[in-house]
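Count along the sequence shown from 1, add 843, and you get the number used in my numbering.
Possibly wrong hints are sitting among the right ones.
What the hints assert, rightly or not - Derived EDC-like pairs (lysine to aspartate or glutamate); straight-line CA-CA distance at most 20 Å: (1) Lys906 x Glu894; (2) Lys906 x Glu859; (3) Lys910 x Asp863; (4) Lys845 x Glu861.
Honestly, the hints are just simulated from the structure, not real lab data. Here the structure is a predicted model, which means the values were calculated and not measured.
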Amino acid sequence: PKDTTDVISVIRGVLEAENDAIRTYNAIIDLSEKGRDFVTQELAIDILGDEESHRQQFEGFLKEYTK
844 PKDTTDVISV IRGVLEAEND AIRTYNAIID LSEKGRDFVT QELAIDILGD
894 EESHRQQFEG FLKEYTK
């Protein structure tokens, strides 16, 4: 965000980054399955879970700040 002191803009920026990361890890999971690289797939699944958890946390922050 342009104004790094605007909490709502920062949260929205984080959510955008988390959504990008989730899309990326989903693509890695699909590609690693097709290439039969199950070690990479398992790592990506694990990291995807973390990213989804982060997104959920920041969605909660956004709800709190936009009340």
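Structure-based check of all given hints:
no. : hint            : verdict
1   : Lys906 x Glu894 : holds (18 Å)
2   : Lys906 x Glu859 : holds (15 Å)
3   : Lys910 x Asp863 : violated (26 Å)
4   : Lys845 x Glu861 : holds (18 Å)
Of the numbered hints stated above, the single one contradicted by the structure is hint 3.
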